[in-house]
Structures are given as C-alpha cells and as structure tokens.
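Take these sequences, add in the hints, and give me the full structure.
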Amino acid sequence: MKQDLKRLLYTVRPQRLPRNLVLTTGYVFHTEEVYNDDIFRRLFDFCKGYTAITGKQAICTVMSGISPKVRAGMRLFNCSEQKLADLYHQLSSVATIGYHGHFYFNADLHQRHEAEIRSNNFSIVQLTEQFSNDLEWFKKHELNHNDLYAGGWWFMNQHLLSLLIKAGFKYDFSFSKHRFFLNQFSLDFMIEHEIKTGECFEIEVETIGKIREVQNLIGSSSSAFFEDYVRNLKRIIHPAHPKVVGMFNSHDYDLHPANALNFFTTLKQLPQVSFFDAADLLDGRLNIDFRPTVLPVHRLQNDMLASVR
Amino acid sequence: MDYTVSIIDLKSEGIDGKITRLLNTTFGLRMSWEAIKANTYYDNSFAGSPSSFYVGAFKGSELVGFVAFKSHDFLVNGVVINCFHHCFVATASSMRGKGVFPSLLAFGKSHLKAMGKIGFVYGVPNQFSGPVFKKLNYKNLGYFSKVNVINTPILFSSAFREWHADDTLFSDTAFFQNDYQLIDAKQKSPGSNIIVFEDLGNLIWGKLRRKKKGGMSFNYFSVGGMIVNKPYFFKSTVKKLCKQHKVLVVQFLFHHTSMFKKLFKRPVLAIHSEPLVVDEVEISLPSEPIFNFMPGIKDHF
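Those protein sequences? They're chains V and X, same order as listed.
According to the working numbering, the residues represented by the first sequence are 143 to 451, in order.
According to the working numbering, the residues represented by the second sequence are 407 to 707, in order.
A couple of the hints might just be wrong.
[Stated by the list, open to error] Capping the alpha-carbon separation at 27 Å, the derived lysine-lysine pairs in DSSO-like fashion look like this: (1) V:Lys-144 / X:Lys-645; (2) X:Lys-646 / V:Lys-211; (3) X:Lys-552 / X:Lys-645; (4) V:Lys-376 / X:Lys-641; (5) V:Lys-144 / X:Lys-641.
[As the list claims (entries may be wrong)] Which chain V residues stay away from chain X? Per the calculated CB distances, all over 10 Å, these: (6) Thr-153; (7) Ser-274; (8) His-301; (9) Gln-326; (10) Asp-330; (11) Ser-364; (12) Arg-373; (13) Tyr-395; (14) Asp-396; (15) Leu-397; (16) Ala-400; (17) Leu-412; (18) Ala-421; (19) Arg-441.
Hint data in this document are derived by calculation from the structure and do not stem from the laboratory.
All residues carry an ideal CB built from backbone N, CA and C; glycine is no exception.
Here you go:
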C-alpha cells in the first residue's frame with residue numbers, strides 16, 4: 143500500500159537531481175555482522191556487483207574481533223576470531239578494508255545504551271584504550287585498515303581525531319550533514335568552518351597532524367525508489383555548493399542488495415555523476431580540493447582539570 | 407569541643423543502627439538502614455573511582471553528627487572528575503549550635519584533599535542547611551530550571567524549541583553528569599523503578615510516577631538525566647516515551663546553566679528547587695561554569 147502510494151506520488155511529483163549538481167561519490171560500509179555467514183555472503187556478492195556497475199570498489203570499514211558488540215555476535219554464530227579475520231581478508235578481495243570503531247564506558251556492559259560513547263558523554267581513557275586494542279587486533283591478524291576510518295554511531299571529536307592522526311589514518315568518513323548521521327561535534331565544527339554538504343576538508347589538529355574528511359551524504363540500504371535517494375540528497379545539498387563529493391553508506395546487516403544495486407545502476411547512467419574509491423583517494427588520483435581547517439590544540443586540553451587528571 | 411570527628415568505620419558493630427537512629431530522629435523519618443545506605447553510599451569501583459564514605463561526630467561512643475559523601479564522577483571534555491555529593495547531614499538536637507555541621511564538612515574536605523585528584527564537593531541544600539553553606543564560603547551556583555511537557559496535542563509541541571539545521575548541542579567545557587554511573591547507582595537502590603528509554607541515539611532516564619491533581623490521576627515521568635545525541639529528534643523521542651509509558655506529563659529539571667535549555671521554548675527557573683552549591687577541592691571552576699546537571703545527581707532522586 144505504502145509502496146503504491148509512493149509510486150503514485152513520484153509519478154505526480156517526480157524527483158530529479160538538480161541540473162547543476164555534479165556528484166562524485168563512493169560507498170562506505172559500516173561492517174558489523176559478517177560473522178553471520180548469510181550477511182557475509184550478501185555483502186561479498188554486493189561488493190562484486192557494485193564494482194561491476196561502477197568500476198570502483200566499495201570501502202568496508204570493519205570492527206575488530208575484540209569489540210564487545212562483535213564478540214557477542216561471534217559467540218551466537220560460533221565464529222572464532224581467526225574466522226572473522228579470515229572473512230575480512232576474503233572481503234578485501236572485493237572491497238577496500240577500513241576501520242570502524244564503536245566505543246563504550248565499560249566494554250563489559252556494552253548492551254546498555256547509557257554505556258555507549260556517542261557524543262558529549264565520553265571518557266578519553268576508555269576511548270584511547272579501546273582504540274588502541276582494536277588496532278592491535280588488526281595488526282595481530284595482519285589486516286590492513288588502509289588508513290581509512292568511519293565512526294560507529296557517527297561518534298567523532300577532537301580526541302578521536304588526534305588518535306586517528308597519531309595512528310597514521312589518512313581519510314575519515316564520519317562527518318555528515320544528514321539528520322540521521324549528525325554528530326554534535328562534527329556539526330559544530332562544520333558550522334564553525336562554514337563547510338557545506340559535499341565539501342571535502344582537511345583538519346589539522348595543531349601540533350599533532352592532519353586528516354582528510356570526505357562527508358557522508360545519505361544512506362543507501364533499502365528503498366526500491368530512486369526518487370527516495372534523490373529526495374534525501376536534495377534535502378542536504380547547499381544551493382551554493384553544487385559540486386558535491388561524498389559517500390553513500392550502509393550497514394552490512396540492513397543492506398537490500400537488489401535495491402541498492404538498482405540505485406547505483408540508475409546513478410551510473412547520469413552524466414553528472416562519477417564514482418571514486420579508496421585507491422583514488424590514497425593514490426591522489428582524484429582531483430578534489432580539501433579545504434584546510436585547523437582545530438586548536440587547546441580543544442584537547444583543559445587547564446582547569448590539570449590537577450585532577 | 408566535646409566531640410570528635412572521624413571517618414565512620416562501616417564494619418564497626420552497631421554503627422548501622424546508630425546512623426539510622428540519628429537520621430530518623432533528626433528528619434522525623436522511618437527509613438531502614440538499607441534505604442539510607444542505598445541513597446547515600448555508592449561503591450564507585452564500577453567506574454574505577456573512589457567509593458563513598460561517611461563522616462561522623464562522636465561524643466564518647468554516641469553518634470551525634472553525620473554526613474555522607476557520595477562518590478560521583480562528572481565528565482568534562484572526556485576527563486573523568488571524581489566529585490562527592492554531601493548529603494543526609496544531621497546533627498543531634500542536643501549538639502546544635504556547637505559547630506558540628508561545619509566540623510563534619512571540614513573534616514570530609516580535608517580527607518578528600520588527602521585522597522588527591524578530587525574535583526569538588528557539592529550539595530543541594532534545603533532552606534535550613536543553605537545558610538550554613540553560605541557561611542562556609544560554598545559557591546552558590548543557582549537554581550535549576552524546569553519544563554513540564556504536557557502530552558496533549560497543542561501543549562506538547564509548544565514546549566519544544568524548533569530545532570534548526572545550524573543548531574548544535576555540543577560542549578567541550580561543560581560538566582556532564584555521568585548517566586551511565588548514575589543509572590547503575592539508582593538501579594541498585596531497592597524499589598528504585600528506574601526506566602531507561604532510548605530512541606535514535608537519544609536517551610532519557612527517570613522514574614514513572616503517579617500524580618493526583620483536581621480529582622484526576624495520571625502518570626508523569628520525572629527525568630533524572632538524559633544523553634541527547636540527536637537533538638533534531640528529541641521531540642519525537644519524548645513523544646515516543648509518552649506513548650510507551652502512557653505518560654501525561656514529563657518533567658525536565660536541569661541546572662539553569664545547562665545546554666539542555668536550548669531544547670525547550672520556555673524553561674522557567676524553579677525557584678522552589680534546591681540550589682546547587684559547590685566547594686572546590688582540587689579544581690578551580692571557571693567564572694561561568696556550565697553544569698549539565700539534572701535531578702539524577704541528587705541523592706534522593
């Protein structure tokens with residue numbers, strides 16, 4: 143019924159991308175449940191299909207096998223750490239692997255919503271420890287994260303940026319202007335620097351280093367209507383910035399492969415749309431301007447607290 | 407001074423009865439030791455922080471003064487600051503006017519200084535204890551603000567401020583209560599009935615209460631704390647909370663400096679609420695601190 147109404151609505155009021163829009167796009171997965179064989183197979187096949195359509199590889203940012211959320215799932219599906227790592231290695235034949243972090247106040251109590259680190263409520267100690275443990279796991283299993291990161295629950299802040307930069311990460315896909323993917327630090331930063339949707343930027347955390355940001359645009363997981371994606375995209379595009387570079391995103395577990403592939407097939411046919419992948423970014427083949435921005439080092443410190451650290 | 411002040415050894419025989427008697431006599435209550443302990447003592451090892459402690463004034467073996475220092479961590483820019491809420495301050499009637507109350511607090515503070523790395527002590531004094539804190543040079547940081555969201559078609563929406571694309575709810579200088587820790591502490595209190603409601607990354611926790619007004623009886627939800635990651639969806643989160651728990655009124659109280667006030671159209675100063683008073687131990691508060699505190703930080707919530 144809802145589908146019929148939508149079909150009717152889009153017949154009466156068609157949705158088209160703005161004529162002046164130039165869209166350069168990639169795909170990033172928040173990969174969280176490939177310990178489930180069905181989800182792995184679906185994702186694997188999708189990535190092959192995506193490449194066949196676009197000529198580019200999707201990015202699968204993956205969670206470490208010591209993340210409490212993943213461990214709980216691994217137990218349910220009888221998946222060992224080694225098997226999970228093997229699945230990620232297998233995935234790397236059809237996609238580029240990156241790192242996807244979820245952090246908690248207490249990893250043992252990850253099932254409690256209040257233990258999730260999402261924005262203002264966080265602890266540097268827990269964040270640093272879990273970040274470093276995750277990267278150790280990647281190392282132990284010889285898994286290359288290719289210096290690519292996407293934040294779980296879209297969590298991002300000055301401390302996580304510093305950790306990423308110190309660990310050598312080059313690209314982050316955690317910033318977004320879409321209402322479902324908003325993080326309050328990220329949005330605050332983009333507003334302060336007047337960064338528009340689809341504008342790439344580079345953040346220099348003073349005295350620490352730089353990381354490049356490619357924004358997330360919209361999710362691409364389930365809808366059968368191309369018009370849905372267009373409508374969502376139009377909602378966040380800034381009229382003064384029609385040259386949009388950004389990512390579509392999805393979780394592995396809520397992907398509808400057929401609909402998503404149809405979407406990319408339609409998108410590929412539009413002359414104003416082109417695709418890129420991690421290799422284009424990392425090899426500098428893509429002609430994109432990354433606007434320089436600076437995050438002052440004092441945002442990482444607080445003199446008032448020096449005595450209680 | 408005809409009394410001595412010391413840390414109360416909770417293992418000493420009969421101390422539970424002494425504390426219970428003193429508090430019940432002073433406040434005219436009939437609380438059990440279990441209820442008193444649940445409200446005043448929190449083993450903060452859950453968060454790797456120091457535990458709560460009690461300070462007592464003794465005349466011989468008689469307990470004539472009492473104060474609980476309840477451990478609670480605040481968060482500022484990701485730094486965990488261990489603080490203590492002094493609560494259940496009681497002096498035996500025979501000892502009033504002998505400086506027992508200030509002695510208890512001063513002793514507690516020097517103990518905290520010796521512990522090291524403690525941020526501040528805070529209290530929410532009533533009209534009787536308020537003047538004492540003033541004499542002791544506590545900083546009075548003012549009242550809480552209040553918003554009652556009434557779940558009827560027109561009134562519901564009118565409580566919320568329209569959230570715009572360029573509005574944010576971020577601070578790297580504000581003090582945040584540690585809801586993760588508070589929920590744990592409150593859930594350990596017998597019969598606490600804490601409800602934690604999550605929706606799209608927004609979390610509201612508190613107590614469902616039944617209220618009678620004008621012959622009507624209805625559910626109202628008293629919010630102890632919240633973590634708002636998606637302010638754009640905050641209004642719909644509250645709506646869903648009302649629907650799920652059949653709530654007519656949701657009461658939000660937050661310190662008047664809190665950034666949560668941005669979420670509402672007309673927060674009013676709750677001048678009958680207890681103010682927040684603070685005494686710095688190891689940190690110096692900025693001239694205009696932001697306290698994102700809600701009633702969950704109070705011992706009796």
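Check: Minimum Cβ separation between V:Ser-364 and chain X greater than 10 Å?
Finding: holds, 17 Å
Next item on the list: Taking the shortest Cβ-to-Cβ distance between V:Gln-326 and chain X, state whether it exceeds 10 Å.
Entry: violated, 4 Å
Note to self: Confirm or reject: V:His-301 is not an interface residue toward chain X, with every Cβ-Cβ distance exceeding 10 Å.
What the structure shows: It is violated; V:His-301 is separated from chain X by about 5 Å at its closest Cβ, not greater than 10 Å.
Check: Does the claim that V:Arg-373 lies off the interface hold, with its Cβ farther than 10 Å from every Cβ of chain X?
Finding: holds, 16 Å
Note to self: Given the hinted pair V:Lys-144 and X:Lys-645, is their Cα-Cα distance within 27 Å?
What the structure shows: holds, 23 Å
Notebook entry, point to check: Is V:Thr-153 truly not at the interface, in the sense that its beta carbon sits beyond 10 Å from all beta carbons of chain X?
Noted result: holds, 30 Å
Checklist line | Distance rule for V:Ala-421, whose beta carbon must clear each one in chain X by more than 10 Å | finding: holds, 33 Å
Notebook entry, point to check: Would the pair X:Lys-552 and X:Lys-645 pass a check requiring their Cα atoms to be no farther apart than 27 Å?
Noted result: holds, 18 Å
Next item on the list: Quick one: work out the minimum CB distance from V:Tyr-395 to chain X and report holds if it exceeds 10 Å, violated otherwise.
Entry: Non-interface label on V:Tyr-395 holds, nearest chain X Cβ at 17 Å vs cutoff 10 Å.
Checklist line | Claimed clearance of chain X by V:Leu-412, with the beta carbon kept past 10 Å | finding: holds, 26 Å
Check: Does V:Arg-441 really sit off the interface, with its C-beta more than 10 Å from all C-beta atoms of chain X?
Finding: With a cut-off of 10 Å, V:Arg-441 comes too close to chain X, as the shortest Cβ separation is near 6 Å.
Next item on the list: Verify the proposed pairing of V:Lys-144 with X:Lys-641, using a straight-line Cα cut of 27 Å.
Entry: Roughly 25 Å separates the two Cα atoms, so the pair holds.
Hint violations for this structure: numbers 8, 9, 10 and 19, all remaining hints satisfied.
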